[in-house]
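K.L.:
Now for the letters of each chain:
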Amino acid sequence: MPKRYIPHTQEEINEMLALTGVKSTDELFSELPVEKRCTRLNLNNGLSEVDVMRKMKEWAQRNADLEDYSVFLGGGIYKHLIPQSIQPLVERGEFLTAYTPYQAEVSQGSLQMFYEFQTMVCEITGMDVANASMYDGGTAAAEAMLMSCHVKNKNHYLVAQSIHPEYLKIIETYSKGPSIEIETVQYDRETGMIDLDDLKQKIKENTAGFLVGYTNFFGIIEDIQSIREVTKDILLTVSCNPMTLGVLKAPGEYNVDIVTGEAQPFGGSLYLGGMTLGMFATKKEYMRKMPGRIIGKTTDMDGNTGYVMVLQTREQHIRRDKATSNICSNHAHNALVATIYLSLLGKNGLKEAATRSLKKAHFLAERIDRMDRFDLAFTGPFFNEFTVKSQQDPKYIRDEMLKEKIMGPLPVIEVTGDEAHENLSLIAVTEANRMEEISFFASRMEELL
Amino acid sequence: MRRDDKLIFEKGAEGRIGYTFPDETIPNYPIDEMIPMNQIRDHSPQLPNCSEVEVVRHFTNLSRLNHSIDSGFYPLGSCTMKYNPKINESAATISGLVNLHPYQPESTIQGALELMYFLQQSLAEISGMDEVTLQPAAGAHGELTGILLIRAYHEDRGDTKRRVVIVPDSAHGTNPATAAMCGYDVKQVASNENGRVNINALKEMLNEETAAIMLTNPNTLGLFEDDILEIQKMAHDNGTLLYYDGANMNAIMGKIRPGDMGFDVLHYNLHKTFSTPHGMGGPGSGAVGVKAKLVPYLPVPQVRKAEEHYYLDYGVPKTIGKVKGFYGNFNVLIRAATYILTMGADGIKAASEMAVLNANYLRKQFVERLAVPFGNQCMHEFVADGSALKKYGLKTLDFAKALLDYGIHPPTIYFPLIVHEAMMIEPTETESKETLDQFVQVVDKILEEAKSNPERLKNAPYTTPVRRLNELKANKDLDVRYKK
Numbered sequence: 000m001p002k003r004y005i006p007h008t009q010e011e012i013n014e015m016l017a018l019t020g021v022k023s024t025d026e027l028f029s030e031l032p033v034e035k036r037c038t039r040l041n042l043n044n045g046l047s048e049v050d051v052m053r054k055m056k057e058w059a060q061r062n063a064d065l066e067d068y069s070v071f072l073g074g075g076i077y078k079h080l081i082p083q084s085i086q087p088l089v090e091r092g093e094f095l096t097a098y099t100p101y102q103a104e105v106s107q108g109s110l111q112m113f114y115e116f117q118t119m120v121c122e123i124t125g126m127d128v129a130n131a132s133m134y135d136g137g138t139a140a141a142e143a144m145l146m147s148c149h150v151k152n153k154n155h156y157l158v159a160q161s162i163h164p165e166y167l168k169i170i171e172t173y174s175k176g177p178s179i180e181i182e183t184v185q186y187d188r189e190t191g192m193i194d195l196d197d198l199k200q201k202i203k204e205n206t207a208g209f210l211v212g213y214t215n216f217f218g219i220i221e222d223i224q225s226i227r228e229v230t231k232d233i234l235l236t237v238s239c240n241p242m243t244l245g246v247l248k249a250p251g252e253y254n255v256d257i258v259t260g261e262a263q264p265f266g267g268s269l270y271l272g273g274m275t276l277g278m279f280a281t282k283k284e285y286m287r288k289m290p291g292r293i294i295g296k297t298t299d300m301d302g303n304t305g306y307v308m309v310l311q312t313r314e315q316h317i318r319r320d321k322a323t324s325n326i327c328s329n330h331a332h333n334a335l336v337a338t339i340y341l342s343l344l345g346k347n348g349l350k351e352a353a354t355r356s357l358k359k360a361h362f363l364a365e366r367i368d369r370m371d372r373f374d375l376a377f378t379g380p381f382f383n384e385f386t387v388k389s390q391q392d393p394k395y396i397r398d399e400m401l402k403e404k405i406m407g408p409l410p411v412i413e414v415t416g417d418e419a420h421e422n423l424s425l426i427a428v429t430e431a432n433r434m435e436e437i438s439f440f441a442s443r444m445e446e447l448l
Numbered sequence: 000m001r002r003d004d005k006l007i008f009e010k011g012a013e014g015r016i017g018y019t020f021p022d023e024t025i026p027n028y029p030i031d032e033m034i035p036m037n038q039i040r041d042h043s044p045q046l047p048n049c050s051e052v053e054v055v056r057h058f059t060n061l062s063r064l065n066h067s068i069d070s071g072f073y074p075l076g077s078c079t080m081k082y083n084p085k086i087n088e089s090a091a092t093i094s095g096l097v098n099l100h101p102y103q104p105e106s107t108i109q110g111a112l113e114l115m116y117f118l119q120q121s122l123a124e125i126s127g128m129d130e131v132t133l134q135p136a137a138g139a140h141g142e143l144t145g146i147l148l149i150r151a152y153h154e155d156r157g158d159t160k161r162r163v164v165i166v167p168d169s170a171h172g173t174n175p176a177t178a179a180m181c182g183y184d185v186k187q188v189a190s191n192e193n194g195r196v197n198i199n200a201l202k203e204m205l206n207e208e209t210a211a212i213m214l215t216n217p218n219t220l221g222l223f224e225d226d227i228l229e230i231q232k233m234a235h236d237n238g239t240l241l242y243y244d245g246a247n248m249n250a251i252m253g254k255i256r257p258g259d260m261g262f263d264v265l266h267y268n269l270h271k272t273f274s275t276p277h278g279m280g281g282p283g284s285g286a287v288g289v290k291a292k293l294v295p296y297l298p299v300p301q302v303r304k305a306e307e308h309y310y311l312d313y314g315v316p317k318t319i320g321k322v323k324g325f326y327g328n329f330n331v332l333i334r335a336a337t338y339i340l341t342m343g344a345d346g347i348k349a350a351s352e353m354a355v356l357n358a359n360y361l362r363k364q365f366v367e368r369l370a371v372p373f374g375n376q377c378m379h380e381f382v383a384d385g386s387a388l389k390k391y392g393l394k395t396l397d398f399a400k401a402l403l404d405y406g407i408h409p410p411t412i413y414f415p416l417i418v419h420e421a422m423m424i425e426p427t428e429t430e431s432k433e434t435l436d437q438f439v440q441v442v443d444k445i446l447e448e449a450k451s452n453p454e455r456l457k458n459a460p461y462t463t464p465v466r467r468l469n470e471l472k473a474n475k476d477l478d479v480r481y482k483k
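Here the protein sequences come in this chain order: A and B.
The first sequence: position 396 = 395 (numbering that gives the first Met the number 0), numbered continuously.
The second sequence: position 38 = 37 (numbering that gives the first Met the number 0), numbered continuously.
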């Protein structure tokens, strides 16, 4: 057994058994039904440190490490520049190995950081209040759906067909429990933007709300103002890529009710889409209906400033079956990453990263649009991701690019499963793509046979 | 040293930045030619303006205000605050595991898929289940997945009357919250005088409307539900499925398997049992294991193996859909796989044995000093009752706060709800006998002080970065964000 994690010597075990008043550790398990007890587990034998690392590196070597690729693959997870100073800070054991801040006196580091994170989310989204994180953009959207139905006490909910297809699937899964009817709203095939007539038509007596992507899955910037005008009587949720809000108008300025989003672009590594950060912000009037942890400022008995968890009576450990959500663990450590990222970049840096991504994407889109065999699929405005229609099979394009150590574009049909998308490719560009990479990508596209 | 309590927003100066972008010539398109004028942000979010060193100092100093496993004993019941090995972090920063996009072709992530497959298989073996999904992000998220699987199973059989989930009164709050979120009515079954589920009461509650029973075994009192085989028979005879809350898996690994006890579905907390860091509250992983009858409903995709390659299988016939984007918290999965490779079959079993020994060793000493209401021994944790402090005018809360002055994180307090002045203590296997002995010495000092100077304890702690905080004020004058 790995002694380095289990410190007991045989002598200590004997002393402890003696004090406990049993003869062997087996006696401590005497209540387990004899006929069901385990024989030896069919697992590997424990490995030494070097052998564990060798095994992990073997697995790593059987992947295409995107550190060595030009990445034009997006679809909800993006490769942005990550400041070097983040990793050493977030690896500190005081952050990494602390639990949920139930004992506030010895958790002020976590609590103050969450308060700063909540402030940043409010600033970026233009909303009044934010929680201390959700699992990811998809589950945050699903929680917004549940909260909208709860606030309105209605059970019909509208979702843009152009939202990230995985988000839609998650929303559908979450809708099953409370029997909420999910209906999708079409996008205009020309512009890629929400079909406002379809939206208007689908709002019924029992409709609680509508959720739209900003940008949507195709990279298109939706006209939130017009959407708000036709959704006056229902709750409007905007699911955003918060990086774009360095340049785009904050959803709060359109008086939306809830803003959710995937904040992986704020310093998060790719990790196969497994280092996500759900954002959730709303208006002050709905704060008590909001899921998740919320941190508030207060003072201690000496009058010094401190932070604690507030409105815990919404949460599962107090409210049990009447809680606003069952969420307990959140994505706290990923929120730390985002908070440090935003502290380093600051308002100028965020704007810079967003602007660079925007300009580079438009530069590439313009070049591709000029090519005979490619056209932009939609006329609506886009940010740093755009959809291209081609004569060739998008999978062929992707595979050809892979030969040049270029990862992407994404064949849209692989994610949407919609036959109508069989000629569409989604291309993401960020500030991390150097200009020479972008030019090379464009020239390879041009040379495709 | 005085605590620097300035927020990051109150530091730095306009014009400062903590990062340098590459120097390159980017086409200078006017923004309003790319984005409609009325959709351009006209005032920037108020974010910090700090140099790198200011940011590094700010967060380093914040970190020093936290108690953590790396800095001291953390016997927080039900949370399994075992040591989080450093090699897990090394593995989770290998570039070929970090820099992978979820939509890369399968042929370019064979190693990552094999790692996930290894973890699925290992977790299935440890729990005695037929398949495992790694998609859920946390324990509560695993519960949501598991209960939706049960719902799908009943509905698929046309068994639509089942709208009740039974949970014990000692259950974690997430159990009833999850059942409610999945559209079920929640009924609570009482514990008996031995701290176990009252099976007569359970028998009476079971009927054609009961979809599932959610149990934690050992339960939150740290007691093994010794009627489990009878409970499983009662449940299954009634067409009810049995859900296992895996929060307490650290008690039984390699000793008995939930699948063999008759459970149909369970969730793991990889951040508890499999040593991945809690990270101030997440991310965790709530992997879910199921028996064969629930496999057709698993979320998509499942990682599966065909001949010599691995693939993401979206062809699960009656899938409940997706519960999270992509494939789960891969950065947590890497660490859990590292832990299993390190521990192996014998190490995993030893972990549970020593976790149970440590708990019993402490339990015995708490019996002598305070009171432990149920049973003669415990599994990996136990619940002491602090009611004896009342005679000094003190509560469990005061005891907990006093521990902070000795650098010890308090136990989980006031849970489970069925013990009045509950303190739930889970030492875990990674703590040495000296640490446990020191803990007992501290307990003695506090109990001594409770007698001699109770007033002082009412105001503990004294040495922490802040002292007791005014929660009433925090909830009344809600201030949840900084404003200039």
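To be clear, the hints were calculated from the coordinates, so they are not data collected in a lab.
This one's a predicted model, so the numbers in the text were calculated from it and none came from an experiment.
Be a bit skeptical, because a hint or two may be false.
[Unchecked claim] Interface residues of chain A toward chain B, partial, derived using beta-carbon atoms under 10 Å:
(1) Y101
(2) S328
(3) I412
(4) A419
(5) L448
[What the hints assert, rightly or not] Simulated restraints on C-beta separations:
(6) B/N452 / A/E90: 39 to 45 Å
(7) B/A12 / A/N152: 47 to 53 Å
(8) B/L416 / A/E90: 53 to 59 Å
(9) A/D232 / B/N191: 40 to 46 Å
(10) A/N152 / B/V52: 49 to 55 Å
(11) B/A12 / A/D392: 51 to 57 Å
(12) B/D184 / A/R443: 56 to 62 Å
The beta-carbon is built from N, C-alpha and C at its ideal position, and this holds for glycine as well.
K.L.:
Are the hints correct? Go through all of them and say.
P.N.:
Taking the hints in turn, this is what the structure says about them:
no. : hint                        : result
1   : Y101                        : holds (8 Å)
2   : S328                        : holds (4 Å)
3   : I412                        : violated (12 Å)
4   : A419                        : violated (19 Å)
5   : L448                        : violated (20 Å)
6   : B/N452 / A/E90: 39 to 45 Å  : holds (42 Å)
7   : B/A12 / A/N152: 47 to 53 Å  : holds (49 Å)
8   : B/L416 / A/E90: 53 to 59 Å  : violated (37 Å)
9   : A/D232 / B/N191: 40 to 46 Å : violated (52 Å)
10  : A/N152 / B/V52: 49 to 55 Å  : holds (52 Å)
11  : B/A12 / A/D392: 51 to 57 Å  : holds (54 Å)
12  : B/D184 / A/R443: 56 to 62 Å : holds (59 Å)
Taken one by one, the earlier hints fail for this structure at numbers 3, 4, 5, 8, 9, listed in ascending order.
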